[in-house]
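Engineer: Build the full structure now, drawing on both the sequences and the hints.
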Amino acid sequence: MKDTAYQSPDLSVEEFAVENGSYYAHEFARIQGKTGFSWSWNTMAAVCGPLWGAARGAWGFFWMFLVLELFALVQIGRGLWGELGADQLARYERLLSNIAKREAQAADLTAAGDAAGAAAKLKIADNLRAAADKALEAATAANSTAVAILLTGLALMAAIKLAEGFYANTAYEAQYLRWRSGQKAQSGMSRNGLIFGAIGLLAIWPLTLVRFTVAKPDEALANVTGGLLGGRLPITEFPVGKEYFAALSKKGDAGFDWLANNFGDVFDGVTVGIRWVLDGLEVLLIQTPWPVVMFVTVVMALRLAGPRVAIFTAASLAYLAFMGLWELAMITVALIGAGAFLCVAIGIPLGIWFGKSKRAYAIAEPVLDFMQTMPAFVYLIPIIAFFGTGKPPGVLATLVFAMPPVIRLTALGMRGVPEATKEAAVAFGCSRRQLLFNVELPLALPSIMTGINQTILMSLSMVVIASLIGAEGLGALILEALQYAAKGQGLLGGLAILFCAMVIDRIAQGAYRQKTGGH
Amino acid sequence: MTEHVITLDGVWKIFGANSGAAMEAIRKRGLGKAEVLEEFNCVVGIADVSFEVKRGEIFCVMGLSGSGKSTMVRHLNRLIEPTTGNISVMGRDMLTLSDADLREMRAMNIGMVFQHMALLPHRTVRDNVGFPLQVRGEPKSTRWEVSQRCLDKVNLTGFEDRFPAELSGGMQQRVGLARALASDPDVLLMDEPFSALDPLIRRQLQDQFMKLSAELNKTTVFITHDLDEAIRIGNRIAIMKDGRIVQIGTPEEIVTQPADDYVRDFVEGISKLKLVFAHSIMVPISEYQPTRPVDFDESPRAHHGTDLDQLIDIATSTENVIVITGDDGTDIGVVDRATLLKGIQGGKA
Chain A
1 MKDTAYQSPD LSVEEFAVEN GSYYAHEFAR IQGKTGFSWS WNTMAAVCGP
51 LWGAARGAWG FFWMFLVLEL FALVQIGRGL WGELGADQLA RYERLLSNIA
101 KREAQAADLT AAGDAAGAAA KLKIADNLRA AADKALEAAT AANSTAVAIL
151 LTGLALMAAI KLAEGFYANT AYEAQYLRWR SGQKAQSGMS RNGLIFGAIG
201 LLAIWPLTLV RFTVAKPDEA LANVTGGLLG GRLPITEFPV GKEYFAALSK
251 KGDAGFDWLA NNFGDVFDGV TVGIRWVLDG LEVLLIQTPW PVVMFVTVVM
301 ALRLAGPRVA IFTAASLAYL AFMGLWELAM ITVALIGAGA FLCVAIGIPL
351 GIWFGKSKRA YAIAEPVLDF MQTMPAFVYL IPIIAFFGTG KPPGVLATLV
401 FAMPPVIRLT ALGMRGVPEA TKEAAVAFGC SRRQLLFNVE LPLALPSIMT
451 GINQTILMSL SMVVIASLIG AEGLGALILE ALQYAAKGQG LLGGLAILFC
501 AMVIDRIAQG AYRQKTGGH
Chain B
1 MTEHVITLDG VWKIFGANSG AAMEAIRKRG LGKAEVLEEF NCVVGIADVS
51 FEVKRGEIFC VMGLSGSGKS TMVRHLNRLI EPTTGNISVM GRDMLTLSDA
101 DLREMRAMNI GMVFQHMALL PHRTVRDNVG FPLQVRGEPK STRWEVSQRC
151 LDKVNLTGFE DRFPAELSGG MQQRVGLARA LASDPDVLLM DEPFSALDPL
201 IRRQLQDQFM KLSAELNKTT VFITHDLDEA IRIGNRIAIM KDGRIVQIGT
251 PEEIVTQPAD DYVRDFVEGI SKLKLVFAHS IMVPISEYQP TRPVDFDESP
301 RAHHGTDLDQ LIDIATSTEN VIVITGDDGT DIGVVDRATL LKGIQGGKA
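Residue numbers (my numbering), protein chains in the order written: chain A, 1 to 519; chain B, 1 to 349.
The hints are simulated quantities; they were obtained by calculation from the structure and are not laboratory data. Mixed in with the good hints there might be a few duds.
A few chain B residues that face chain A, going by a derived Cβ cut-off under 8 Å, partial list only [said to hold, decoys possible]: (1) R103; (2) R136; (3) S286; (4) Y288.
Below, in silico cross-link-like pairs of lysine-lysine (DSS-like), each with a Cα-Cα straight-line distance of 27 Å or less [said to hold, decoys possible]: (5) B:K342 - B:K54; (6) A:K358 - A:K422; (7) A:K101 - A:K121; (8) A:K134 - A:K121; (9) A:K422 - A:K356; (10) B:K153 - A:K422; (11) A:K422 - B:K140; (12) A:K422 - B:K274; (13) B:K274 - B:K241.
Glycine residues also receive a C-beta, built at the ideal position from the N, C-alpha and C atoms.
Structural biologist: Following this line, the structure appears as structure tokens:
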């Protein structure tokens, strides 16, 4: 056998494999001498299966074949001792006892002289007998499939063993390459690995086998242990009810109540603040005559983002107007505007802080994840408890969901400012404030703008959910459509929200692009 | 004003959380770099660096990557705080300056040029150059006037309204130089300014810098990893290794009397013809023992500051030895063919 891959791979392979080094050196040379798959047989791996992988530190191999062999074993177990017709047999026995009962009743009735009644009971008993015969038939039929299942299981096991034997060396060679390049990979055989593998097998196989092959696994297991641990061992379900959950959730209720009672003024203050922003925007958008709002919007789109966006804006506004959704749309935009404004006003300073302080960011990161992944309905509950219903709580719910992107992207932008540029600015005498406004913020601006854009779009997606707690607008329209399954209304409302989002987004993007002179 | 614009005295910088304890141990037990790393998990950035730079001098600091030269130059405007030692610039103790005074020093007295230019990408060339003045609170008209003047000096007239990304590397570095000159500082710190440029542009910028420097007469600390560059530009050169200065001297001293093997390795490939002068290879006239009769009156005369290149020219035009004269015109030494050849080879005659 000529080696083509390495000058002298044998030495390092033997050092890697330790036990049976020369065998592996030979097999690896064959694998490395061919492109594509090469048929290399490892008897040890085929016989020992997952345990070979455990001993050799090939954990991918171990887990994969542990599961596959378990599957084959379940089939074999079902074929050998599985109570295949058990449920049908139980039904058969139930039916038999029913028949006996009817017949006894019939005998009583005959004795009492009610021949018609007795005949009726006997008729029922006959019907039951037919059903019982069917059940018995099904049970025997199920039993007779046992052999087929057993054979399938054995064939499966044989195929898995073949796969193990042929795959082992390929997997092991890959591990050898990892070991060679100094990555963490076990070399030689490890007793600890073997022990761990054996424990794994013992923990997983027996219980799973029992669960899938025996009709009443809890009782069967109790029988095996000789009833020492009670009449049934609960392996099919965890032996704890709702008691802990109930106790904790009651504590939670009390906590929220306490907060709502003691910090009512704070929550009211927040509500007032949000309402203030919201009212300002609503006056601007709703009280101002619609032709003015439309004109200003279209001109703004034209000046900031060009003629194409202006045409799109005009068309979208026309849609809203002709569908009679103008006022609802303006309420929605005011809602989003207030949400986005607060997100930016709070999020950018936080983002700057997190961008500068690694520690603060490490603490904030899980909170941000929490804000983004927690389903909205969960924090709607405390929001209602603290702030009641209506638009300001709706804005708050939007804040929770829509603020993380602007914080994250501001922090990202701040950290992306090259150290060299900051250093140069400091070398020319910049104070921290000058550094922030002249260097860091301008260089982080693209990232911050992306964050603002994300925030606006995410606010829009919260509109429907905010309507659940009484925020009016297009969201409420869609919620209503959902309640009455009004498909057309839902679609038109959805389109209206989409157009609002796209108009805001396109104008903002266009304005930013024009400012930076980019494309 | 003192003669020395910049003075460093026993400056150490040790990076790491335990730098105080590490410094103590170095003082008491004389630990080396590797031991400090092992025992305190601290890295010695610069070790016991002392030197002075005279007014108007170009002081080159040469060393390989990791030798601490960029760390050292950042101490001069306190971008990096030393662990211990004294630093004074223009007679002021840099370490006791308040934050406001330090910012003022940086904005008014110390200009800096960086290896990677570090221009602000969102500002035009003009506003980049005017940035130090803006930091100082100068009005726009002054800023624009000064930056125009500085851009003219570095031959970038006409590029004022471009953005840095629109310029080539060499042009960007000239913007960097103009920015450093904008505040008309007394001290110029140049941190490998030409290292990132290709050789041809580098040479052009070196020439341009030398011309500018002769004209402006600024005290300059010039960091480089290229000995050729150091020799071309520097009045004096300091060679750094592992955070320490191993030798300080004029280019000639460095080339003719390398302090140790490390410096000798560097100097090996350097052409000495323009760096070695008659006085350092000549035999004093009183000690000269001719191998054959010579008539000094027939010999050509050369000033003791004549370099080897010129001495070769003289030697090829005569059969005689060359007599070297002092500043007052008296004969002080002799260079014969053997001495000259030895001198070219690099050893002392």
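Engineer: Hints first: check each against the structure and report whether it holds.
Structural biologist: Outcome of the hint check:
no., hint, in the structure
1, R103, "holds, 4 Å"
2, R136, "holds, 7 Å"
3, S286, "violated, 55 Å"
4, Y288, "violated, 55 Å"
5, B:K342 - B:K54, "violated, 34 Å"
6, A:K358 - A:K422, "holds, 17 Å"
7, A:K101 - A:K121, "holds, 10 Å"
8, A:K134 - A:K121, "holds, 20 Å"
9, A:K422 - A:K356, "holds, 12 Å"
10, B:K153 - A:K422, "holds, 26 Å"
11, A:K422 - B:K140, "holds, 22 Å"
12, A:K422 - B:K274, "violated, 41 Å"
13, B:K274 - B:K241, "holds, 26 Å"
Of the numbered hints stated above, those contradicted by the structure are hints 3, 4, 5 and 12, listed in ascending order.
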